[in-house]
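Chemist: Chains as they are written, first to last, in the numbering used here: chain S, 1 to 394; chain Z, 1 to 394; chain U, 1 to 394; chain W, 1 to 394.
Just so you know, the hints here were simulated from the structure itself, not pulled from any lab data.
Heads up, a few of these hints could be off.
Stated by the list, open to error - 25 Å max Cα-Cα, derived SDA-like pairs, lysine to any residue:
1) S:211 - W:110
2) Z:76 - S:267
3) W:211 - S:335
4) W:121 - W:110
5) S:76 - Z:278
6) S:258 - W:352
7) Z:304 - U:26
8) U:304 - Z:335
9) U:258 - U:304
10) S:178 - S:301
11) Z:121 - Z:146
12) S:302 - S:276
13) S:258 - W:268
14) Z:76 - Z:16
15) W:302 - W:338
16) Z:373 - U:334
17) S:76 - Z:218
18) Z:258 - W:255
19) Z:302 - U:350
20) W:373 - S:335
21) S:76 - Z:164
22) S:373 - S:189
23) Z:373 - Z:349
24) W:302 - S:349
25) Z:211 - U:31
26) W:76 - U:276
27) U:302 - Z:189
28) S:211 - W:338
29) U:76 - W:121
30) Z:302 - Z:218
31) S:302 - W:349
32) S:304 - W:268
33) S:304 - S:180
34) Z:211 - U:188
35) W:279 - U:80
36) Z:76 - S:161
37) Z:211 - U:276
38) U:211 - Z:189
Protein chains: 4
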Amino acid sequence: MLEQPVLTDKSVDLYHRFASVRQYTEEQCAPLQIEDYVPQPVPFISPPKWHLAHTTWFFEEFVLKPYSEHYQVYHKDFSFLFNSYYNAVGKRIFRADRGNITRPGVSEVYAYRQYVDDAMKTLLAKAELPAEVSETVILGLHHEQQHQELLITDLKYILGHNPIFPVYREGFSLVEQKNERSDVIRIPEGVYEIGFNGEGFCYDNELGRHKVYLHEYQIAQSLVTNGEFIEFIKDGGYERSELWLDEGWSWISNQPTKGPLYWHQLEGQWHHYTLNGFKPVAEDGILCHVSLYEAAAFAEWKGKRLPTEFEWEVAADQFNWGQRWEWTNSAYLPYPGFAKVDGAIGEYNGKFMINQMVLRGASTATSPNHSRKTYRNFFHPQLQWQCSGVRLAF
Amino acid sequence: MLEQPVLTDKSVDLYHRFASVRQYTEEQCAPLQIEDYVPQPVPFISPPKWHLAHTTWFFEEFVLKPYSEHYQVYHKDFSFLFNSYYNAVGKRIFRADRGNITRPGVSEVYAYRQYVDDAMKTLLAKAELPAEVSETVILGLHHEQQHQELLITDLKYILGHNPIFPVYREGFSLVEQKNERSDVIRIPEGVYEIGFNGEGFCYDNELGRHKVYLHEYQIAQSLVTNGEFIEFIKDGGYERSELWLDEGWSWISNQPTKGPLYWHQLEGQWHHYTLNGFKPVAEDGILCHVSLYEAAAFAEWKGKRLPTEFEWEVAADQFNWGQRWEWTNSAYLPYPGFAKVDGAIGEYNGKFMINQMVLRGASTATSPNHSRKTYRNFFHPQLQWQCSGVRLAF
Amino acid sequence: MLEQPVLTDKSVDLYHRFASVRQYTEEQCAPLQIEDYVPQPVPFISPPKWHLAHTTWFFEEFVLKPYSEHYQVYHKDFSFLFNSYYNAVGKRIFRADRGNITRPGVSEVYAYRQYVDDAMKTLLAKAELPAEVSETVILGLHHEQQHQELLITDLKYILGHNPIFPVYREGFSLVEQKNERSDVIRIPEGVYEIGFNGEGFCYDNELGRHKVYLHEYQIAQSLVTNGEFIEFIKDGGYERSELWLDEGWSWISNQPTKGPLYWHQLEGQWHHYTLNGFKPVAEDGILCHVSLYEAAAFAEWKGKRLPTEFEWEVAADQFNWGQRWEWTNSAYLPYPGFAKVDGAIGEYNGKFMINQMVLRGASTATSPNHSRKTYRNFFHPQLQWQCSGVRLAF
Amino acid sequence: MLEQPVLTDKSVDLYHRFASVRQYTEEQCAPLQIEDYVPQPVPFISPPKWHLAHTTWFFEEFVLKPYSEHYQVYHKDFSFLFNSYYNAVGKRIFRADRGNITRPGVSEVYAYRQYVDDAMKTLLAKAELPAEVSETVILGLHHEQQHQELLITDLKYILGHNPIFPVYREGFSLVEQKNERSDVIRIPEGVYEIGFNGEGFCYDNELGRHKVYLHEYQIAQSLVTNGEFIEFIKDGGYERSELWLDEGWSWISNQPTKGPLYWHQLEGQWHHYTLNGFKPVAEDGILCHVSLYEAAAFAEWKGKRLPTEFEWEVAADQFNWGQRWEWTNSAYLPYPGFAKVDGAIGEYNGKFMINQMVLRGASTATSPNHSRKTYRNFFHPQLQWQCSGVRLAF
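Using the sequences provided together with the hints, build the complete structure.
Modeler: Dropping the structure here:
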């Protein structure tokens, strides 16, 4: 699953890295009330409580059970409750029902975390850790970092759909960044190499390194701003079917609100829910929370297009990225030579390679040290709840 | 809305009665964890938190706002959040979304209750209370008692759909009653009077008192037992379409489990979730948690039928009742002379008089002093989550 | 299923009656193009071709197969294709798929009718016909007359949802009747007898004759007119939730058009599709094609109510009826002593006794000689496609 | 929309080509009964009557109305009825309702074809035809050829879902082909050119010609056979979640039948509906009517994969193709430099470039002269009703 010819992580480092990542998840939850941990308002959102437990279950299932002698599982039913999509590891609770499971409660989930952390630390403190154990631990930490991002965006969805718009944390917002540069990058025609090539961790879907042929193209330094998108709205962008993909048009026709997620028009002025409360939309702020359908319609309106994921990766060293996940016009499909590993961990990425589009970059919700230019994120084209933005190419 | 020619409740009594009913609701919630207050697994269930707030809102909206001088509403958005079906009192949150509203949290809801209770007690302590105020307070208390019953049955639904089957309270079960008598009552043909006729409170749907003509019939002293229903199952009751109403057959064909709600078959033996945990079904226990469709199919299988609500009421003095809501074969429709009162409170009962069937009696979940033989409960025929049972007639 | 103490139909009469009813069905179809026989635009509509075949199948299945020696079924698959709701007679094609079955074609269905008619006439020409045979034949003829009414209203639905509004037959309209009288009938309190009591045929659901007690009431001679209903619309009747049953309000909120079925507003004037083409709505015409929800909201707006089916039947000799099926506020439930007969024919009526409301009278679409004052028609409260109207009581 | 530097079609040729293509459509319909022209059993199927009219409407709308002086449209409502997805040309009938429109009937649709054909032939007989007219006519003919293929596959769906399995034409079957070769082709690493490059017609989505870099791969000469797929079924292929894409697993879990479309298991032997009737499946026949999900699961089971559309095109000269549309693992996305043309015709291809997968080749249902190796067909991954097969790569 992960190609790691030189294992640079010593066990002692892994111990601290494990502690650090695990702690960060809990820090994210510090401002929450117990009630906030529970609901699942739509199936693609998971309750914060579930994120806390599921990331813990990963270590119990894939590290402690196979590799820690005499380990006793914390609770026999948790594997069933907190498994996610791993069909190979027994039955799991129907995804849309996660928000109805009130027990174990939050304090017991924290106790479960503590129990597993203690066992993990004991394991990690050992002098000699086989490579497959440390590789699985590293995978588990990256897995937890992915869930950290989902945890904060799912939480925004929960709070942002409450009519009283609760504040998560004063002064904390995912969406207030501005562009620093505005010129255009030109990339010449030729053969380029794509995919992960360094040391350290990467996901299986970033391998193997391979060649692509790119025709000449240009790509913007800056991301699309709120102000540009407001121009699109004012110009009737949401009412002009010719700008939209056919399924995008069906989608938007059934949406009660025409605008990025969390946007509301009050007395002629756009406002949006942020984790810092309900605020006016800043025109020079970088656009956030749009679907691929909106991104593509906007690009069409501009007479431009979205880049492919290859165009993005080749140019990435020449622009700033990391504030928005950026929609590309590439479908999420395997690279040449992609192969799933055996067993449940093999379900990690490959089976989602249909009907989803690639996003590149990283966002303000992404965990520290969890981004690289070869990282391939992917979502269905109608989804808006990640910190997704738009960079134009032509 | 309520006919009450002689007001026997003195204000001083009302004060204590108010305090007692309000306290009982909170006692019901004593065993809950915070998380249990939040979810709404299906639209016909409401979160316990919502029940606590909605019953409080009733007093704020219909008593304190119109009748308590200088009263300040606790929070301007609560009317929107905790209104239920009263279309006349402004917009309300979509019913199926109640489980996604995490704020206000449980402690704030209790603070809301405290705030309203204080204001109510100040009002009720006054020497001279106009009749319309005390009548509305009494209505509000009955309304809260209805919600007390829903609170406990909704909670059973939440806990009973958790795969780890949490115990609500040791030793507490809604479903362990047994029959004491087993003979049959014969009622002669004739004109009988139906509807509320006493002093004290009743709902508008129990009025006015009127005559019906009944042909001779017989009705059982005892309620159907679990053992009898197991015989029905063993005899293929769930597979024989000729026993079922047409829409009942469609309903059960789409149900994953063929049996009363909370029943599960383990190694050939029926078990069920109770608020006391997961237990074997006692054969001599009184059947509970069946839909009207199941009740009617069972009666057909027995060669008998369900009584009408009039047959039930006329015979009610001659049998024990109060342990199950008993399905009748009467649709929920107005009595002769029924009239809605004006305003939002007029929405209380009349507008539900379509597509629902009447249940008579009361159940082990019914609040103390909240039953009388003229009481008309009503639910859609597929619902099982109330403590509903079967009494046969022929 | 049918109580018929004195069988007045001689076989020779039955022969001619059979021929006459069967011929009438085909006359109804004379203006159709082949294409019109095929579609099923919504599940509660059946294709004309299916009506033709299903009524034929009834005689093959319940008369010829059991009682005609050496009878060969026309086609082994037709029982499967043209069975409707008779669960006891083997599997049947899923109801919503009827419109996708193009073969057998129309000409073969007519050949099937001819084949069965020939066999039936041979049987009916015999001197001695056992009572159970003639009773089943009579039931089959009434069954076919019911389908004649559905055939014409289903056809109206098919043609009335075609944007070019085809004419079925010049000069033919179901909806042009006017009231002749306008006074009010007062019925005194007392015990009345209800249900079928004469000679000749009736359905099982009209039996047995029984007593009801009615309180004094008044009922209108006239049916509600289009003009009165337009007043209701102009007064905001479709926007005032307080006038509607709760489920009626949900229903109308999801309807794209607020008005009786087939009504369209063009340049401020109401028009409607009739089988005679697209026409202006006559204000003095009798209202048609309303749901029970609309009927009940209109009555509420008028400060009156719909009569019960018992009030309707007791007063029926004193007013004109037969032009609209008239919604009552009675749920479709069994009379005292109702019992299903054994076998498939027993499925005829009893199993539909849930969630439907009774309509009394007859309509301009009803076949000749297929009405009597004890006849109980029944539909779900949202359905508009029958010729349903409103008579008020108070 | 179409790049055609040298127009080789002389007007006189176009006249005959027009006549020939239009006639072929009607020949396809010769075996139909009138009823077969009407239904639309699922939204992705169109009624044969609609195909006949829609292809005619194309010439009326895009050729006769703009370019034929004094042309009178045949019927003012037909543009509304027979427009398909061209949002720019006025409102259109909701796609899922096409099967409920019985008028105009089949004979009137043929009259419409005759009327438009006469006008077209008059136009085409003129000496000097501007290039844009002849280009649009050619596009219209290719459009009609596409619909010829859909007409036959839609018709198979209609007849194949009739429980009596009618024969379309004796001796005619889409699915009886066998492989002629069985070796494997090896393609070396390098830069290849992709896209249309010749003279004559192509669709906009095949342009522009561009370079891709391919890594070395192998691809089979032969298509997967029924027998190989039966092995997959016998090995539990439909029950092993690890072989399936995640959304494929959800899809197949909700399918009542596990097998290619039209396959039924009778007494342990696979049979399938063909346009020649209900027949046993030949083990050495080429597999047909599988979804991409099934194709991908099969490839996974074989330890191989589906080729990309580029791999397919580069190798296409070295294998036989044209009997099945062959699923590729490429999403349907624009080539570099793709640009939509203005106006309604610009809606032809580009707006469908989301959530669909590319199929390459052609099938036994494809019209004569309507295939080329650069042709990009595309469907949603769950669809089975085209003559879709599987060629493996690795």
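Chemist: Hint by hint, say whether it matches the structure.
Modeler: Cross-check of the supplied hints:
1. S:211 - W:110: violated, 55 Å
2. Z:76 - S:267: Satisfied, since the Cα-Cα distance of roughly 20 Å is no more than 25 Å.
3. W:211 - S:335: Holds: residue 211 (chain W) and residue 335 (chain S) sit about 18 Å apart, inside 25 Å.
4. W:121 - W:110: Holds, because 16 Å separates the two Cα atoms, which is no more than 25 Å.
5. S:76 - Z:278: Holds: residue 76 (chain S) and residue 278 (chain Z) sit about 17 Å apart, inside 25 Å.
6. S:258 - W:352: At roughly 21 Å apart (the allowed maximum being 25 Å), residue 352 (chain W) and residue 258 (chain S) satisfy the hint.
7. Z:304 - U:26: The hint is violated at about 43 Å.
8. U:304 - Z:335: holds, 14 Å
9. U:258 - U:304: Holds - the C-alpha atoms of residue 304 (chain U) and residue 258 (chain U) are around 22 Å apart, at most 25 Å.
10. S:178 - S:301: Within the cut-off at roughly 22 Å; holds.
11. Z:121 - Z:146: holds, 21 Å
12. S:302 - S:276: violated, 32 Å
13. S:258 - W:268: violated, 54 Å
14. Z:76 - Z:16: Answer violated: residue 76 (chain Z) to residue 16 (chain Z) is near 29 Å, above 25 Å.
15. W:302 - W:338: Cα-Cα ~36 Å, so violated.
16. Z:373 - U:334: holds, 24 Å
17. S:76 - Z:218: Given pair residue 76 (chain S), residue 218 (chain Z) is violated - Cα atoms ~53 Å apart, limit 25 Å.
18. Z:258 - W:255: OK: residue 258 (chain Z) and residue 255 (chain W) at ~22 Å, within 25 Å.
19. Z:302 - U:350: Holds - the C-alpha atoms of residue 350 (chain U) and residue 302 (chain Z) are around 16 Å apart, at most 25 Å.
20. W:373 - S:335: holds, 24 Å
21. S:76 - Z:164: holds, 10 Å
22. S:373 - S:189: holds, 20 Å
23. Z:373 - Z:349: holds, 18 Å
24. W:302 - S:349: holds, 20 Å
25. Z:211 - U:31: violated, 53 Å
26. W:76 - U:276: holds, 21 Å
27. U:302 - Z:189: Given pair residue 302 (chain U), residue 189 (chain Z) is violated - Cα atoms ~38 Å apart, limit 25 Å.
28. S:211 - W:338: Holds, at about 22 Å.
29. U:76 - W:121: violated, 50 Å
30. Z:302 - Z:218: holds, 14 Å
31. S:302 - W:349: This hinted pair holds, its Cα atoms lying about 20 Å apart.
32. S:304 - W:268: violated, 57 Å
33. S:304 - S:180: Answer holds: residue 304 (chain S) to residue 180 (chain S) is near 21 Å, not above 25 Å.
34. Z:211 - U:188: The given pair, whose Cα atoms are some 14 Å apart, holds under the 25 Å limit.
35. W:279 - U:80: holds, 22 Å
36. Z:76 - S:161: Status holds; Cα separation ~18 Å.
37. Z:211 - U:276: Roughly 49 Å between the alpha carbons, so the hint for residue 211 (chain Z) and residue 276 (chain U) is violated.
38. U:211 - Z:189: With a Cα-Cα distance of about 10 Å, the restraint between residue 211 (chain U) and residue 189 (chain Z) holds, given a limit of 25 Å.
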